[in-house]
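Number of protein chains: 2
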Amino acid sequence: MKIEKAKSYGFCFGVRRAVEIAENSQNAVTLGPLIHNPLEIQRLAENYNVKYVNNIDEIDENIKRVIVRTHGIPKDKLQKLKEKNVEVIDATCPFVKKPQEIVEEMSKQGYDIVIFGDKNHPEIKGVMSYAVHDRVYVVLTPDELKDKRLREKIATVAQTTRKLSDYLKITNYLIENYKEVRVFNTICNATFENQDAVRELSKRADIMIIVGGKNSSNTKQLYNIAKENCESYLIESEDELNPEWFKNKKLCGISAGASTPEWLVEKIISKIKEMT
Amino acid sequence: MKIEKAKSYGFCFGVRRAVEIAENSQNAVTLGPLIHNPLEIQRLAENYNVKYVNNIDEIDENIKRVIVRTHGIPKDKLQKLKEKNVEVIDATCPFVKKPQEIVEEMSKQGYDIVIFGDKNHPEIKGVMSYAVHDRVYVVLTPDELKDKRLREKIATVAQTTRKLSDYLKITNYLIENYKEVRVFNTICNATFENQDAVRELSKRADIMIIVGGKNSSNTKQLYNIAKENCESYLIESEDELNPEWFKNKKLCGISAGASTPEWLVEKIISKIKEMT
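Chains U and Y, in that order, are what the protein sequence lines are.
Residues are numbered in our numbering as their position in the first sequence, beginning at 1, plus a constant of 8.
Residues are numbered in our numbering as their position in the second sequence, beginning at 1, plus a constant of 8.
Check each hint, because a few of them may be wrong.
Unchecked claim - In silico SDA-like links for lysine to any residue, alpha-carbon gap of 25 Å or less:
#	chain 1	residue 1	chain 2	residue 2
1	U	K187	Y	I64
2	Y	K161	U	N62
3	Y	K171	U	Y181
4	U	K187	Y	Y145
5	Y	K85	Y	I64
Stated by the list, open to error - Residues from chain U that keep clear of chain Y, each with C-beta distances beyond 12 Å, as calculated:
#	residue
6	K90
7	E112
8	K211
What the hints assert, rightly or not - Listed below are several chain Y residues computed to face chain U (Cβ distance under 10 Å; list not exhaustive):
#	residue
9	I11
10	E188
11	V191
It is worth saying that the hints were derived from the structure and are not from the lab.
If you're wondering where the values come from, they're calculated on a predicted model, not measured in any experiment.
Built from N, CA and C at the ideal position, the CB exists for glycine as well.
Could you build the full structure based on these sequences and the hints that come with them?
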């Protein structure tokens with residue numbers, strides 16, 4: 009049986025970069041878990057002594073270096089960190105830094121700010137905190153803007169993981185109703201690249217193994233796409249693999265969620281090879 | 009029979025303003041006919057001695073004042089006019105001045121310029137001439153942009169008489185493909201207000217009289233909307249009215265194309281009253 013990895017899978021650029029930063033920052037702590045994968049969190053703790061704290065108040069004098077994770081953090085929290093007399097290592101994804109900078113600059117220029125995203129998501133909490141005024145509207149649909157009267161000049165950014173077609177619904181509404189709309193396309197394609205790659209590979213494969221957390225929404229999304237096209241399994245570790253699955257199969261496709269480290273993917277591939 | 013005028017009809021704000029400017033500028037010439045209505049052109053010539061020339065070279069030393077019409081003119085022609093030692097009276101519609109200013113300012117700031125409109129229309133020839141660089145793309149559909157690679161920062165304006173839904177097709181394409189798209193909604197609603205008003209009135213009326221040039225596209229549009237809902241006639245002057253039309257009618261609706269002066273509408277209403 010042939011095994012083929014999807015053209016794009018697993019860590020996005022920002023997460024890969026953050027993990028490298030953590031590996032190069034022994035004895036630091038991260039503010040919140042670095043990624044949504046307990047095995048990878050454990051590996052960073054065991055191999056590099058990089059653990060995590062849940063909030064700034066847990067940082068005591070024994071901690072010298074603090075890593076800000078890919079989502080970024082609100083401006084006032086960053087300030088509070090800097091006052092803690094620790095070295096701040098910023099692993100905010102550059103694609104998240106960008107909307108933070110845009111919101112800061114555009115609000116300074118007097119634009120009202122519309123953010124397409126979830127106001128409870130850490131990324132958006134960070135991005136919105138960079139506005140220098142309070143005319144900031146965080147919405148998921150144009151309906152949420154209908155009872156509001158914004159000023160004539162509006163700048164807009166999107167949460168990096170959102171779908172473009174949903175963002176266009178917001179921008180269309182704004183263009184229809186306001187004189188100037190400055191649209192920054194801050195959507196990152198990594199999530200969709202993984203999905204496209206699964207779609208392509210699962211159409212050719214006889215079986216697909218998707219590696220990732222069973223409660224990770226992006227992993228489930230990959231699994232749902234795969235099983236439309238061939239027999240598919242979502243697993244968290246190699247222990248779940250069953251040799252029966254691979255009988256009479258010619259091509260096994262592999263993909264992994266955005267928080268799944270490469271070493272775990274490799275471990276699973278080795279195990280499949282042993283079995284078949 | 010009751011006679012009712014549509015809530016909005018005839019001259020738009022810019023044309024009304026231009027005619028007033030002409031009436032206050034006796035002995036001036038306009039560069040090109042001021043509006044597409046021969047009766048109104050004749051009235052301005054007879055009552056105010058405001059005639060027109062077809063191009064700048066026709067302006068001789070006897071002409072002291074030149075009126076620029078609502079569409080505006082290219083920057084170099086305006087310059088040439090100023091060098092002629094004549095007083096330039098600018099009747100460019102303020103809603104057309106706006107995209108001219110935007111294109112000038114945005115091109116100075118280094119933005120590539122996308123103009124949604126017809127490159128052969130006088131308004132667009134004027135607007136595009138205000139760019140200070142040559143990275144200006146005049147298009148009617150997104151397809152015309154597909155073989156072009158623009159820079160990352162794009163500013164876009166629309167011809168004032170275009171439909172918003174068509175403009176959004178362009179802006180959606182740009183947002184999908186470029187990092188920053190600065191959208192200026194320069195569409196003027198006057199044309200659509202006349203259409204909406206005809207739609208509303210023709211649903212209640214027994215007969216609609218539309219006044220305007222038989223080759224005027226906006227007038228024909230009004231006529232087409234009206235005749236969907238009731239018996240309708242498109243006429244250029246009161247001579248075409250036929251008393252038979254009004255027999256057994258209770259409500260007669262009146263509308264007029266964007267180049268039809270109010271005095272002509274009133275003349276037609278008087279004639280209908282005489283007939284019925």
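| Structure versus earlier hints - violations, ascending order | Hint check: 1, 2, 9 fail, others pass.
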